[in-house]
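Make a model of the complete structure from these sequences and hints.
One-letter residues, chain by chain:
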Amino acid sequence: MKQINAILEGVGSVVQLLFRSLSYTGSLPRQGARFIEQCYMIGYTTLPIVAILSFFIGTVLALEAGYAMQDFGAKEFIGSLVGLSMARELGPMMTAVLLAGRVGSAITAELASMKVYQEIDALTTMNIPAAKILVLPRLAAVLVMMPVLIVIANIVGWFGGSVVARYVSYVGISPQAYFAALRHYTKFKDVMNGMEKAEVFGFVVVLVCCDIGLNTRGGPREIGAAVTRGVVVSLILILVLDYFVTKILL
Amino acid sequence: MNTTQQTARVGLFFLLGVALVWVTFETLSDGKIFAERTHTLIAGFDDLKELKNGDDVRQAGVKVGSVQLTRLAGRRAEAVLQIDPKVPIASDAVATIVMSGLIGGNYVAIDMGSNGAPSLPDGAEIRTASTPDLNTLMSEIGGLGKQLQDSLGSFSKAINGDGKAGGGIIQKLDKLVSDNSSRVDATMANLQEITGKINRGEGTLGKLVNDPKLHDELLAAVTDIRSTAAQAKEFVANAEGIMDQVKSGQGPLGTLVYDQKSADDLKASIANIRAVSDKLAKGEGTLGKLINDPGLYNSAQVTIKKVDRTLDGLSDSGPITAVGIVVNALF
Amino acid sequence: METSCSKTRNPFTGAEANAVGVKVDGVSKTYAGTEVLSNISFDVLPGEIFVLMGPSGSGKSVLLRQIAGLELPTVGTVRVDGQDPSLEETRDRVRLALVFQAGALFNSLSVYDNLALYPREHRSGTEASIRERVMHALRILSVEDAVSKFPSELSGGMKKRVSIARALVMEPQLLLYDEPTSELDPVMSATISEIIATLKNEYSVTSIVVTHDRSLALTIANRVGILMDGKLITLGTPKELAATKDPALVDFLYPKIDIQNPRFKKLENQKTS
Ligand SMILES: Nc1ncnc2c1ncn2[C@@H]1O[C@H](COP(=O)(O)OP(=O)(O)O)[C@@H](O)[C@H]1O
Ligand SMILES: [Mg+2]
Numbered sequence: 001m002k003q004i005n006a007i008l009e010g011v012g013s014v015v016q017l018l019f020r021s022l023s024y025t026g027s028l029p030r031q032g033a034r035f036i037e038q039c040y041m042i043g044y045t046t047l048p049i050v051a052i053l054s055f056f057i058g059t060v061l062a063l064e065a066g067y068a069m070q071d072f073g074a075k076e077f078i079g080s081l082v083g084l085s086m087a088r089e090l091g092p093m094m095t096a097v098l099l100a101g102r103v104g105s106a107i108t109a110e111l112a113s114m115k116v117y118q119e120i121d122a123l124t125t126m127n128i129p130a131a132k133i134l135v136l137p138r139l140a141a142v143l144v145m146m147p148v149l150i151v152i153a154n155i156v157g158w159f160g161g162s163v164v165a166r167y168v169s170y171v172g173i174s175p176q177a178y179f180a181a182l183r184h185y186t187k188f189k190d191v192m193n194g195m196e197k198a199e200v201f202g203f204v205v206v207l208v209c210c211d212i213g214l215n216t217r218g219g220p221r222e223i224g225a226a227v228t229r230g231v232v233v234s235l236i237l238i239l240v241l242d243y244f245v246t247k248i249l250l
Numbered sequence: 001m002n003t004t005q006q007t008a009r010v011g012l013f014f015l016l017g018v019a020l021v022w023v024t025f026e027t028l029s030d031g032k033i034f035a036e037r038t039h040t041l042i043a044g045f046d047d048l049k050e051l052k053n054g055d056d057v058r059q060a061g062v063k064v065g066s067v068q069l070t071r072l073a074g075r076r077a078e079a080v081l082q083i084d085p086k087v088p089i090a091s092d093a094v095a096t097i098v099m100s101g102l103i104g105g106n107y108v109a110i111d112m113g114s115n116g117a118p119s120l121p122d123g124a125e126i127r128t129a130s131t132p133d134l135n136t137l138m139s140e141i142g143g144l145g146k147q148l149q150d151s152l153g154s155f156s157k158a159i160n161g162d163g164k165a166g167g168g169i170i171q172k173l174d175k176l177v178s179d180n181s182s183r184v185d186a187t188m189a190n191l192q193e194i195t196g197k198i199n200r201g202e203g204t205l206g207k208l209v210n211d212p213k214l215h216d217e218l219l220a221a222v223t224d225i226r227s228t229a230a231q232a233k234e235f236v237a238n239a240e241g242i243m244d245q246v247k248s249g250q251g252p253l254g255t256l257v258y259d260q261k262s263a264d265d266l267k268a269s270i271a272n273i274r275a276v277s278d279k280l281a282k283g284e285g286t287l288g289k290l291i292n293d294p295g296l297y298n299s300a301q302v303t304i305k306k307v308d309r310t311l312d313g314l315s316d317s318g319p320i321t322a323v324g325i326v327v328n329a330l331f
Numbered sequence: 001m002e003t004s005c006s007k008t009r010n011p012f013t014g015a016e017a018n019a020v021g022v023k024v025d026g027v028s029k030t031y032a033g034t035e036v037l038s039n040i041s042f043d044v045l046p047g048e049i050f051v052l053m054g055p056s057g058s059g060k061s062v063l064l065r066q067i068a069g070l071e072l073p074t075v076g077t078v079r080v081d082g083q084d085p086s087l088e089e090t091r092d093r094v095r096l097a098l099v100f101q102a103g104a105l106f107n108s109l110s111v112y113d114n115l116a117l118y119p120r121e122h123r124s125g126t127e128a129s130i131r132e133r134v135m136h137a138l139r140i141l142s143v144e145d146a147v148s149k150f151p152s153e154l155s156g157g158m159k160k161r162v163s164i165a166r167a168l169v170m171e172p173q174l175l176l177y178d179e180p181t182s183e184l185d186p187v188m189s190a191t192i193s194e195i196i197a198t199l200k201n202e203y204s205v206t207s208i209v210v211t212h213d214r215s216l217a218l219t220i221a222n223r224v225g226i227l228m229d230g231k232l233i234t235l236g237t238p239k240e241l242a243a244t245k246d247p248a249l250v251d252f253l254y255p256k257i258d259i260q261n262p263r264f265k266k267l268e269n270q271k272t273s
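Protein chains in written order, with the working numbering: chain L, 1 to 250; chain D, 1 to 331; chain P, 1 to 273.
Fair warning: there could be bad hints in the mix.
What the hints assert, rightly or not - In silico lysine to any residue, SDA-like type, Cα no more than 25 Å apart, as pairs:
(1) D:Lys63 / L:Lys2
(2) P:Lys239 / P:Arg214
(3) D:Lys52 / L:Gln31
(4) L:Lys187 / D:Asn106
(5) L:Lys2 / P:Leu72
(6) P:Lys149 / L:Gln31
(7) D:Lys197 / D:Asp179
(8) L:Lys189 / D:Leu16
(9) L:Lys189 / D:Thr128
(10) D:Lys52 / D:Val87
(11) P:Lys149 / L:Glu37
(12) L:Lys187 / D:Lys86
(13) P:Lys149 / L:Lys2
(14) D:Lys63 / D:Thr128
No lab work stands behind these hints, which were simulated from the structure alone.
Since we're looking at a predicted model, the values are computed, not measured.
Below you can see the structure in the form of structure tokens.
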């Protein structure tokens with residue numbers, strides 16, 4: 001009962017924060033510097049880890065597919081398998097997971113620290129809403145940066161698959177054949193589909209992590225607890241949302 | 001971190017993203033940015049099989065459009081095809097559903113139709129034909145079939161030529177024969193005369209052919225030849241390698257086929273054969289005597305036994321002999 | 001209230017506004033069953049300097065948070081210029097500044113940006129005029145050298161001064177100080193006293209000052225309230241307070257260091273045993 005209450009409270013708080021942030025959308029043009037800073041944090045600094053992970057997801061997909069398909073001569077379909085699963089599912093999903101781990105945790109830590117050290121209170125007395133200058137730029141930045149991360153994740157993952165397809169002995173498919181199969185079965189629609197998914201994930205991760213950070217109570221010890229909670233809740237939400245968003249977008 | 005530097009990096013990063021989205025878009029959707037005007041054709045089938053929206057429409061293997069929609073229309077199934085308006089589809093062109101892979105991957109193939117036929121207008125219905133599934137399936141059998149095709153391909157290239165200078169063995173032989181047709185004719189006449197004699201039981205060979213006892217022995221020899229030929233088939237693959245050598249002019253056979261001098265030698269040999277056959281007809285020489293002299297009957301019998309033994313030995317021997325057989329068969 | 005006609009004047013723009021009063025009415029605050037404030041009532045008149053004193057842990061900071069509208073009292077009401085300070089509209093209308101006990105500077109911003117944040121967000125003036133205001137405030141508190149530093153590079157006293165400067169830049173009508181001189185040397189403490197007095201005399205800024213500094217309290221205060229264990233035990237002018245005979249108050253205001261105190265004896269015993 002207590003847990004249900006806590007969940008409902010959390011949902012209510014997140015929804016409230018969402019609407020409060022959105023009500024300041026008009027102030028976004030004047031928050032250019034903050035927006036750029038958040039873009040830098042969310043996009044630019046997250047790129048390396050996203051690229052590395054995507055590359056290896058691509059290779060593993062190709063490896064598994066090649067192994068499973070070698071027996072019935074369907075190796076030519078590796079390209080399409082890697083292409084589709086990367087674009088529709090694994091690209092968005094893994095990028096969102098990395099976002100939760102890398103950006104979500106940082107956001108929660110920063111806002112929780114601001115809360116604990118009364119910086120948020122100082123903003124309140126100054127009548128500068130945290131939703132306006134702390135949450136809104138982050139939400140805008142994640143919406144702009146997520147497609148960029150996703151397209152890079154896709155391309156790097158596809159490339160990783162092609163490397164395995166070419167050099168692993170039991171797969172042994174030329175990059176031309178690999179990419180031909182990929183192109184034949186993966187449509188831009190699929191990439192768009194993945195991006196829409198990623199936008200939902202990224203937006204929710206940032207919003208939830210902001211909310212958990214801003215609702216931190218107590219001393220510095222609570223900052224760590226808030227970060228853990230932010231990441232765990234984000235990961236659960238990504239997995240749950242994945243099912244529903246996939247269903248809606250299918 | 002300098003703010004302007006940060007802004008520059010974010011800007012660069014964003015532009016990179018936009019560029020990559022664009023590249024992805026261009027490669028995955030063949031660059032159709034704005035839905036360009038397309039031609040629509042309706043293709044009715046009894047069964048659309050595995051055909052799905054978005055599958056290719058190809059003419060002579062070239063993609064000319066895609067399947068926009070599949071639907072049921074009364075008692076038949078219809079596929080709405082979107083065709084590149086720059087590609088005219090002849091009014092008597094026929095659309096078929098072709099399976100391009102074992103797992104899914106169908107497309108609609110449209111043939112060229114006849115040359116002068118008017119092209120189909122937008123929204124028209126195209127003629128269709130149903131295709132036997134098994135045929136396409138068989139062509140996909142994969143490994144074995146492909147290998148077989150490859151080796152047969154190089155075989156026929158060796159024999160028929162691949163369109164490059166000189167042509168293949170057959171063309172060469174053809175030329176050789178037509179160049180020497182008068183001589184060959186004469187040879188043929190002589191041969192006819194010889195076979196006539198043989199038929200009538202004249203001479204040693206005639207006896208040979210008309211004697212039932214000898215006939216049985218010959219039959220045994222032929223059986224041996226057959227089994228040898230069966231073995232020879234196994235070595236076709238090896239022969240393929242040698243044929244490649246022949247094609248590139250290596251080895252004696254290659255020289256023979258591709259070298260003008262060898263061709264001249266061959267002509268000379270043919271002239272000699274004519275001379276020999278002339279002599280044979282007149283009963284001159286050993287072979288002539290064999291044909292014309294019944295006394296030689298016995299020694300011929302001995303010779304045939306020897307041939308028999310040779311063939312026995314042949315069946316035990318390796319690929320080189322088999323190649324010999326193949327090469328002999330070609331000439 | 002008879003002084004409500006007095007005007008606050010913006011120290012920088014000279015714009016006038018009504019001086020604001022504060023009304024604390026029957027405020028109690030309970031945290032998880034523990035009562036931290038119990039039934040506190042007092043008025044702070046517009047343009048008045050109100051000093052709150054009390055031992056550590058008596059609830060002074062909590063009371064300031066209720067007045068600033070950061071928290072809602074469990075029982076009772078707080079009114080700033082007649083309105084609930086926790087509402088955004090009230091804070092929109094009444095410029096209210098709180099100097100936090102620990103400074104509460106924005107750690108991710110430089111000192112300059114800390115001070116410039118408020119005028120920038122509320123679009124008061126050009127960047128050049130904002131710069132002028134910021135530098136002026138820093139100069140008053142002798143921390144202009146720290147302008148491009150980050151809070152983590154400052155000492156405790158510097159943080160406190162920057163935090164007071166940040167409050168000044170807001171041009172507040174109501175200024176709440178939470179132990180503004182606790183980490184400062186006597187010279188700086190005197191400067192703070194001057195600032196508070198000047199803001200009152202020339203600009204009619206209402207001030208509520210939480211402090212342990214008896215001399216500061218007795219020199220600048222119009223009235224002094226003393227909090228003990230969450231209760232307001234005395235409320236009066238510095239003169240009344242100085243003349244008090246209440247033993248509890250005397251003990252608090254003029255503590256004697258007694259080496260012979262049995263408490264210290266106990267400590268000694270513990271050490272040797
Ligand atoms: N957020 C809080 N939750 C629980 N207890 C609190 C909280 N804030 C303050 N307290 C308690 O209230 C009492 C008064 O605290 P405070 O007002 O900070 O004292 P001071 O008078 O020294 O400023 C202390 O006992 C403190 O433990
Ligand atoms: Mg305190």
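>> Check whether the Cα positions of lysine 189 of chain L and leucine 16 of chain D lie no farther apart than 25 Å.
In response: holds (20 Å)
>> Given the hinted pair lysine 63 of chain D and lysine 2 of chain L, is their Cα-Cα distance within 25 Å?
In response: violated (62 Å)
>> Need the status of pair lysine 187 of chain L, lysine 86 of chain D: alpha-carbon distance at most 25 Å?
In response: holds (23 Å)
>> Need the status of pair lysine 149 of chain P, glutamate 37 of chain L: alpha-carbon distance at most 25 Å?
In response: holds (19 Å)
> Would the pair lysine 52 of chain D and glutamine 31 of chain L pass a check requiring their Cα atoms to be no farther apart than 25 Å?
Replying inline: violated (48 Å)
> Regarding the pair lysine 197 of chain D and aspartate 179 of chain D, is the alpha-carbon distance no greater than 25 Å?
Replying inline: Violated, at about 29 Å.
> Under the criterion that the straight-line Cα-Cα distance not exceed 25 Å, is the pair lysine 2 of chain L, leucine 72 of chain P satisfied?
Replying inline: Holds, at roughly 24 Å.
> Does the structure keep lysine 149 of chain P and lysine 2 of chain L at a Cα separation of 25 Å or less?
Replying inline: The given pair, whose Cα atoms are some 46 Å apart, is violated under the 25 Å limit.
> Taking only the CA atoms, is the gap from lysine 187 of chain L to asparagine 106 of chain D under or equal to 25 Å?
Replying inline: OK: lysine 187 of chain L and asparagine 106 of chain D at ~16 Å, within 25 Å.
>> Just to be careful, I want the Cα atoms of lysine 149 of chain P and glutamine 31 of chain L compared with a cutoff of 25 Å; is the pair within it?
In response: Within the cut-off at roughly 23 Å; holds.
>> What's the verdict on lysine 52 of chain D and valine 87 of chain D, does the C-alpha distance respect the 25 Å limit or exceed it?
In response: holds (22 Å)
> Can the restraint linking lysine 239 of chain P and arginine 214 of chain P be considered satisfied, given a maximum Cα separation of 25 Å?
Replying inline: holds (13 Å)
Checked against the numbered hints given earlier, the structure breaks hints 1, 3, 7, 9, 13 and satisfies all the rest.
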